[in-house]
Structure formats: structure tokens, C-alpha cells
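K.L.:
Residue numbers (the working numbering): 8 to 220.
None of these hints come from the bench; they were simulated from the model.
Fair warning: this is a prediction, and the values are worked out from it, not measured in the lab.
Warning: the hint list may mix true and false statements.
[Claimed, not checked] Pairwise CB distance ranges, derived in the manner of DEER restraints: (1) 175 <-> 93: 25 to 35 Å; (2) 74 <-> 53: 35 to 45 Å; (3) 123 <-> 188: 43 to 53 Å; (4) 144 <-> 35: 39 to 49 Å.
[As the list claims (entries may be wrong)] Capping the alpha-carbon separation at 20 Å, the derived lysine to any residue pairs in SDA-like fashion look like this: (5) 176 <-> 138; (6) 176 <-> 130; (7) 176 <-> 133; (8) 176 <-> 108; (9) 176 <-> 143; (10) 176 <-> 166; (11) 176 <-> 129; (12) 176 <-> 132; (13) 176 <-> 131; (14) 176 <-> 105; (15) 176 <-> 137; (16) 176 <-> 104; (17) 176 <-> 141; (18) 176 <-> 136; (19) 176 <-> 106.
Just so it is clear, CB atoms sit at the ideal spot from N, CA and C, and this is done for glycine as well.
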Amino acid sequence: EAREVLREATERELGSVRDQHARSDDALALTYVATEARAAAAESTASRALDLLATIPSGVVAMNPDLPGTVETSTSLNVATTREGVLTLASMTRSANAPGLEGVVSGIEAAARLAEAEVEVLRSYPPWRPDLDFRLLHVARATFERLFGTAPGLEVVHGGLECAVIGGKLPGVEMISLGPEIVDPHAPGERLSIPATQRFYRLLGALLDDLSR
Numbered sequence: 008e009a010r011e012v013l014r015e016a017t018e019r020e021l022g023s024v025r026d027q028h029a030r031s032d033d034a035l036a037l038t039y040v041a042t043e044a045r046a047a048a049a050e051s052t053a054s055r056a057l058d059l060l061a062t063i064p065s066g067v068v069a070m071n072p073d074l075p076g077t078v079e080t081s082t083s084l085n086v087a088t089t090r091e092g093v094l095t096l097a098s099m100t101r102s103a104n105a106p107g108l109e110g111v112v113s114g115i116e117a118a119a120r121l122a123e124a125e126v127e128v129l130r131s132y133p134p135w136r137p138d139l140d141f142r143l144l145h146v147a148r149a150t151f152e153r154l155f156g157t158a159p160g161l162e163v164v165h166g167g168l169e170c171a172v173i174g175g176k177l178p179g180v181e182m183i184s185l186g187p188e189i190v191d192p193h194a195p196g197e198r199l200s201i202p203a204t205q206r207f208y209r210l211l212g213a214l215l216d217d218l219s220r
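When you get a sec, could you build the whole thing from the sequences and use the hints?
P.N.:
Okay, structure coming up:
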């Protein structure tokens with residue numbers, strides 16, 4: 008029966024995918040749901056869509072050469088929807104490197120053209136490349152260590168920050184992003200650490216004082 012042939016083929020492919028992601032996605036599962044037959048895409052259209060899905064990059068593209076373990080450029084094909092016979096794919100591409108970002112976007116656009124698909128690029132925030140030689144950063148670290156007797160943690164976040172937008176308007180300005188501990192940000196249970204906020208208040212005042220000298 009065609010249904011069993013489909014199930015067997017799907018299980019074989021799922022087994023291959025499980026092996027490929029054995030250590031990163033152990034909980035990968037597939038659920039079958041009975042439904043009524045619906046209109047399907049033509050074979051040629053389906054082939055173009057599958058080729059496009061296989062061609063669009065998704066994952067880490069480049070690591071930061073100056074900061075071991077830090078992602079510099081990545082892209083994620085994270086949404087696929089069909090509506091009124093139209094397949095829409097959405098990718099999120101991030102980078103601290105402007106040429107790297109444009110390179111990935113250009114590659115996605117090229118893949119779409121080969122599949123005869125339309126592309127819309129929505130710009131959100133510009134890249135913000137970390138500079139560990141900023142005087143502001145050195146002063147902030149020294150101020151923190153003087154106040155609290157220990158070196159502060161330094162992290163490069165692979166995400167969007169307001170500093171990137173500000174830096175785009177003020178080229179060459181020195182910036183750092185700092186603040187108190189926040190738990191579950193952008194979620195209904197978001198919480199702010201009161202002790203960390205008190206420390207941050209002291210740090211900000213002392214940093215402004217040190218910078219004014």
C-alpha cells in the first residue's frame with residue numbers, strides 16, 4: 008500500500024537524520040496524523056522547492072578569529088509556510104561582520120533565483136564588530152575590578168543589540184553593553200536581580216567618574 012511505502016521511506020530518512028544529529032538533537036521525533044487528501048504541488052514545483060531547501064545555508068557560517076568559541080556569522084532557515092499555493096521560507100541571518108553578512112544574503116538570493124523564487128530582504132540592525140582595544144572597555148574592566156575585587160566576565164553576544172544601531176549612526180564611537188543580571192528575558196517570567204542592579208548602579212557611577220578624569 009502506498010501509505011506503508013511512504014512510512015517506510017520516511018522512517019529510513021528519519022533514521023539517517025537521527026544518526027547525523029545523534030549528539031545535538033537526541034529527541035528528534037516524527038508524528039503521523041491521518042488527514043484528508045489535499046491538492047499537491049506539481050512534481051516539477053516540488054523538486055524546485057526541495058532543491059531550494061537543500062541549497063539555502065542554515066547554521067554557523069564563520070567563527071570569530073579573535074575570540075575563540077564565538078560565532079561571527081550565522082544564518083537560520085527557521086520558518087516554512089504554505090498559503091494559497093505559495094511556499095514562503097524565512098531565514099534569519101546575523102553577523103558582526105558587514106561583508107560576511109552581505110555574502111550570506113547574496114548566496115541566499117542566488118539560490119532563490121536558481122529556483123525561480125522571489126526574494127525580499129528585510130533589514131533589521133547593522134553588524135557591530137567587537138573591538139577589544141577600545142579605551143572604554145579597558146577603563147570599564149579596571150573600574151569593575153577596583154570596585155568588586157574580581158575581573159568582570161566579557162562575552163560577545165551573537166544577537167541584535169541597540170549598540171549596533173547607535174554605532175551605525177555614529178561611526179567610530181566606542182561602545183560597550185553592560186547591565187544587571189536578567190533571567191528569562193523577553194518572556195512572561197522575565198526577572199531582574201535586585202543585588203545585581205545595585206552593583207550595576209555603583210559600577211555605572213564609578214565608570215562615569217573614571218571616564219571624566
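K.L.:
Compare the structure with each hint and give your call.
P.N.:
Against the structure, the hints:
At roughly 33 Å, the beta-carbon separation of residue 175 and residue 93 lies within the given 25 to 35 Å, and the hint holds. Checked against the hint of 35 to 45 Å, the pair residue 74 and residue 53 passes, with Cβ atoms roughly 42 Å apart. Checked against the hint of 43 to 53 Å, the C-beta distance between residue 123 and residue 188 comes to roughly 49 Å, which is consistent with it. Checked against the hint of 39 to 49 Å, the pair residue 144 and residue 35 passes, with Cβ atoms roughly 41 Å apart.
For the proposed pair residue 176 and residue 138, the alpha carbon gap of about 17 Å is at most 20 Å, so the pair holds. Simply put, residue 176 and residue 130 have alpha-carbon atoms about 15 Å apart, close enough for the 20 Å limit, and the pair holds. Note on residue 176 and residue 133: the hinted pairing holds, with a Cα-Cα distance of about 10 Å set against a maximum of 20 Å. Under the criterion of a C-alpha separation no larger than 20 Å, the hint pairing residue 176 with residue 108 is consistent with the structure, at around 19 Å.
Simply put, residue 176 and residue 143 have alpha-carbon atoms about 19 Å apart, close enough for the 20 Å limit, and the pair holds. Restraint check: the Cα-Cα separation between residue 176 and residue 166 comes to about 19 Å, which is no more than 20 Å; the hinted pair holds. Taken as a hint, the residue 176 and residue 129 pair is honoured in the structure, with Cα atoms around 19 Å apart against an allowance of 20 Å. Using a Cα cut-off of 20 Å, the hinted pair residue 176 and residue 132 holds, with the two alpha carbons roughly 11 Å apart.
Of the supplied pair hints, the one linking residue 176 and residue 131 holds, its CA atoms being roughly 14 Å apart against a limit of 20 Å. Taking the CA atoms of residue 176 and residue 105, the gap is near 15 Å; set against the 20 Å cutoff, the hint holds. With a C-alpha separation of about 16 Å, the suggested pair residue 176 and residue 137 falls inside the 20 Å cut-off, and the hint holds. Straight-line distance between C-alpha atoms of residue 176 and residue 104 comes to about 17 Å, which keeps the hinted pair within the 20 Å bound.
At roughly 18 Å between alpha-carbon atoms, residue 176 and residue 141 fall within 20 Å of each other, so this suggested pair holds. Between the alpha carbons of residue 176 and residue 136 the distance comes to roughly 14 Å, so the proposed pair stays at or under 20 Å and holds. Only pairs whose Cα atoms come within 20 Å are accepted, and residue 176 paired with residue 106 is accepted, the gap being roughly 18 Å.
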